Amino acid sequence: MSAKYHRTHHCNELNRTHVGSRVSLSGWVNSCRDLGGLVFLDLRDREGVTQLFVDPAAQPELARLLHEVREEWVLAATGTVQLRPEAMANRQRATGEIEVAVETLTVLNRAAPMPFHLEDQAVSEDLRLKYRYLDMRRSALVPNLRLRHRLTKSVRDALDSRGFVEVETPILSKSTPEGARDYLVPSRVHPGTFYALPQAPQQYKQLLMVGGLERYFQIARCFRDEDLRADRQPEFTQIDIEMSFVTREDVMETVEAMLAAVMREVAGREVALPFPRMSWQEAMDRYGSDKPDTRFGMELVDITPALATTEFRVFRGVLDAGGVIKAIRVENGGEASRRQLDAWTDTVRLFGAKGLAWLKQAEGEIGGSIAKFLNHTEKAEIRRRTGLQDGELLLIVADRPRVANEALGRLRLDIARSSGPLPTGCFHFLWVVDFPLLEYDEEAGRYAAVHHPFTSPLDEDVARLETEPGSVRAKAYDIVLNGVELGGGSIRIHDPVMQQTMFQALGIGAQEAQLRFGHLLEALRYGAPPHGGIALGLDRFAMLLAGAASIRDVIAFPKTTKAACLMTDSPSTVDPGQLDELHIAIRREEADPEAAAGLVPVERR
RNA sequence: GGGGGCGUAGCUCAAUUGGUUAGAGCGCCGGCCUGUCACGCCGGAGGUUGCGAGUUCGAGCCUCGUCGCUCCCGCCA
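Anchor point for the first sequence: position 512 equals 543 in this note's numbering, and the numbering is continuous, going up by one each time.
The reader is advised that the hints may include incorrect statements.
Quick list of the computed label-pair ranges, beta carbon to beta carbon [what the hints assert, rightly or not]:
hint, residue 1, residue 2, range
1, 543, 217, 21 to 27 Å
2, 170, 122, 17 to 23 Å
3, 176, 141, 40 to 46 Å
4, 223, 146, 31 to 37 Å
5, 142, 596, 22 to 28 Å
6, 258, 344, 34 to 40 Å
7, 243, 588, 36 to 42 Å
8, 613, 36, 44 to 50 Å
9, 411, 330, 16 to 22 Å
10, 580, 150, 17 to 23 Å
11, 542, 260, 33 to 39 Å
12, 150, 502, 57 to 63 Å
13, 142, 261, 29 to 35 Å
Here are the computed lysine to aspartate or glutamate pairs in the EDC-like style, where the Cα-Cα straight-line distance is at most 16 Å [claimed, not checked]:
hint, residue 1, residue 2
14, 593, 256
15, 593, 257
16, 593, 258
17, 205, 543
18, 590, 197
19, 590, 156
20, 322, 445
21, 593, 262
22, 410, 394
23, 322, 262
24, 590, 258
25, 593, 266
26, 410, 333
27, 322, 156
28, 590, 296
29, 403, 333
30, 590, 266
31, 590, 600
32, 35, 134
33, 593, 157
34, 590, 612
35, 161, 465
36, 590, 257
37, 410, 423
38, 593, 156
39, 184, 197
40, 410, 342
Derived by calculation from the structure, the hints in this document are not laboratory data.
Being a predicted model, the structure only gives us computed values, none of them experimental.
Think of the CB as a built atom: it goes at the ideal place given N, C-alpha and C, for glycine as much as any other residue.
Using the sequences and the hints, build the whole thing.
Set out below in structure tokens:
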């Protein structure tokens, strides 16, 4: 009870109403200002900072102790709250009007000099990752983790109140051929076999529906051994949901209600329901993306009709090959420099576009890189379709629809982001529906599932599954927030025959289907209810709510883009004995004979 | 797998055309200081310029390779 670090208050609590009270605080030394005849010490805990005050004349032994004290030492202090002199109040802080006149001070722990300034906003990220526990003491990370906690709790409450049951599914799972690369875990007791870490609890949650659970959810850790991005980590968390006896509308309504509750509780915001819905085709046509950011305009305009009879060779070639000519109109773009246009050209080339054409208008006249190839009618028609005005710029890509859309979609985002911050505190939810069911994979020479192989086709498209598979749409839906894919789901196939048909369309033979998905196929035979669900990226959601630039900022211990943990230095080599037990031998890499021969220690850094 | 950016003191950065002993601020160590709040002032220590080759009379700077961090393309059912 009376431990020396017992606290009566936290460090963001005391104000003028506490003056005269005897209090105890514990925390870290944020800074210590020894003025010689006066000593101030800012004590910090997770809630805030309180100034401690010591008068060396009155307490010489305390002053001597404080002389030793350094940044980030851990202290417990007891003293009396006193008002600061009027002019000395710090209005920046909740506790700025008072200070604690110290009576006893205990050093709970010393601290080595910090590897970086905790207050320094410019510290490199690898250093922050190596000393994540110090990074956490700074202002940004802990509030993000607390926000994430509130988010998770709010999700649990919202789903619980709607009859959902939280169920844990196995982490040691089964490898499946479709989808992302698996993280594998070797089996000790079954030599030569492997578990896979789940990319998602997809099959388990469907089996829970067959099991009659009806409403399932899980805050589920998922693992994918693919290359990283600012919004992609090798392990991440999904809000995983599955429901029985539901249509797409039922799932979307449930998710909307949950998201509205979360937005209210976590962000204090009311969002209008239902969320807007847009077909995948419309999203691609208007925004060049299957996750459009609808916070701003600058939509893609199809100017193909204006150029249907063009004799400009480049455009003619594209049109004759079945391509399209699309444009975005950039307000205030008329002044764009050559250098800027070159940079934009590089951007569209990333997506396979051969080039970027541009037009601009000044004093009613259209000029630009391709102006001389267009006749008067074509220019007028382009102006009519795009609304081009003086001082504005038109960026044009002529290519296959997919290339033109994606290139301009990216350009649209880049230009919007570079021409000033996008509206903050603004949350545009959007459903994108009617995704294609299948997509032709050039490399594999077969169709692949756009969502996953358990996704149900639209009823009206089923007939085309075997004749024209590329045109079949899915009972799938993505939820998009501010241009970020927050989650996606679908109504699943619950008919074993349909599931077999789907595997066939994917080029998965009956034998392989049985080997990889036999458990699911069999389960569908025993009275599987119609069911569907969704999975939402918890990390991305937290990132957006926190206004963070990367999901690393809302994950306590994230990994680098090479999937390494700089703090624990994982992955790492293991004891040969461990490998023996797992029946695993490390193959020597040909590329580096010295390292393979063990002449050079393998190091990372 | 590919492309861009970055790598110099504990941290953040500088260093002219390739030229003498690689500097500054903060931090660290020592001292001074009665109203500070990233206190201030004086003094001091601190460097394998990520690593390895090469070019050169001479490399932090140029070339090649390599490692790490990061952004993007591919990839991510």
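Here is how each hint holds up against the structure:
For the pair residue 543 and residue 217, the supplied restraint of 21 to 27 Å holds, since their beta-carbon distance comes to about 22 Å. About 18 Å separates the C-beta atoms of residue 170 and residue 122, a value consistent with the hinted range of 17 to 23 Å. Judged by the Cβ atoms, the range 40 to 46 Å given for residue 176 and residue 141 is violated: they are separated by roughly 26 Å. Checked against the given bound of 31 to 37 Å, the beta carbons of residue 223 and residue 146, roughly 45 Å apart, lie outside it.
At roughly 23 Å, the beta carbons of residue 142 and residue 596 sit within the given window of 22 to 28 Å. For the hinted restraint 34 to 40 Å between residue 258 and residue 344, the CB-CB distance of approximately 39 Å keeps it satisfied. For residue 243 paired with residue 588, a C-beta distance near 38 Å keeps the hint of 36 to 42 Å intact. Residue 613 and residue 36 have their C-beta atoms about 45 Å apart, which keeps the hinted 44 to 50 Å range intact.
A beta carbon spacing of about 21 Å between residue 411 and residue 330 agrees with the range 16 to 22 Å that was offered as a hint. The hint said 17 to 23 Å for the Cβ distance between residue 580 and residue 150, and at roughly 20 Å that hint holds. Distance hint for residue 542 and residue 260: a CB-CB separation of about 36 Å, consistent with the stated range 33 to 39 Å. Between residue 150 and residue 502 the beta carbon distance is about 58 Å. The supplied range of 57 to 63 Å therefore holds.
Taken as a hint, the range 29 to 35 Å holds for the pair residue 142 and residue 261, whose Cβ atoms sit roughly 32 Å apart. Between the alpha carbons of residue 593 and residue 256 the distance comes to roughly 11 Å, so the proposed pair stays at or under 16 Å and holds. Proximity of residue 593 to residue 257 is assessed by CA-CA distance (about 10 Å); at most 16 Å being required, the pair is judged to hold. Between residue 593 and residue 258 the CA atoms are separated by roughly 8 Å; this keeps the pair inside 16 Å, and the hint holds.
Restraint check: the Cα-Cα separation between residue 205 and residue 543 comes to about 14 Å, which is no more than 16 Å; the hinted pair holds. Taken as a hint, the residue 590 and residue 197 pair is broken in the structure, with Cα atoms around 28 Å apart against an allowance of 16 Å. Distance restraint check for residue 590 and residue 156: the Cα-Cα separation of roughly 11 Å lies within the 16 Å cut-off, and the hinted pair is therefore satisfied. In summary, the hint linking residue 322 to residue 445 is supported, as the alpha carbons are separated by about 15 Å, within the 16 Å threshold.
Between residue 593 and residue 262 the CA atoms are separated by roughly 14 Å; this keeps the pair inside 16 Å, and the hint holds. Under the criterion of a C-alpha separation no larger than 16 Å, the hint pairing residue 410 with residue 394 is consistent with the structure, at around 14 Å. Restraint check for residue 322 and residue 262: the C-alpha separation of about 14 Å stays at or below 16 Å, so the hint holds. Restraint check for residue 590 and residue 258: satisfied, since their Cα atoms lie roughly 11 Å apart, inside the 16 Å limit.
For a cut-off of 16 Å, the pair hint linking residue 593 to residue 266 stands: about 13 Å separates their Cα positions. Of the supplied pair hints, the one linking residue 410 and residue 333 holds, its CA atoms being roughly 14 Å apart against a limit of 16 Å. For a cut-off of 16 Å, the pair hint linking residue 322 to residue 156 is broken: about 28 Å separates their Cα positions. Using a Cα cut-off of 16 Å, the hinted pair residue 590 and residue 296 is violated, with the two alpha carbons roughly 30 Å apart.
The straight-line distance between the Cα atoms of residue 403 and residue 333 is roughly 20 Å, outside the 16 Å bound, and the hint therefore fails. A hinted pair counts as satisfied when its Cα atoms are at most 16 Å apart, and residue 590 with residue 266 qualifies at roughly 9 Å. As the CA atoms of residue 590 and residue 600 are separated by approximately 10 Å, the hinted pair is consistent with the 16 Å bound. For the proposed pair residue 35 and residue 134, the alpha carbon gap of about 13 Å is at most 16 Å, so the pair holds.
Only pairs whose Cα atoms come within 16 Å are accepted, and residue 593 paired with residue 157 is accepted, the gap being roughly 12 Å. Distance restraint check for residue 590 and residue 612: the Cα-Cα separation of roughly 28 Å exceeds the 16 Å cut-off, and the hinted pair is therefore not satisfied. Taking the CA atoms of residue 161 and residue 465, the gap is near 44 Å; set against the 16 Å cutoff, the hint is violated. For the given pair, residue 590 sits about 13 Å from residue 257 by alpha-carbon distance, which is consistent with the 16 Å threshold.
Between residue 410 and residue 423 the alpha-carbon distance is near 14 Å, which keeps this suggested pair within the 16 Å criterion. A C-alpha spacing of about 14 Å is found between residue 593 and residue 156, which places the hinted pair at or below 16 Å, so the restraint holds. For the suggested pair residue 184 and residue 197, the alpha carbons sit about 12 Å apart, so the restraint of at most 16 Å is met. Taking the CA atoms of residue 410 and residue 342, the gap is about 13 Å. The hint holds against a cut of 16 Å.
The earlier numbered hints that this structure contradicts are 3, 4, 18, 27, 28, 29, 34 and 35.
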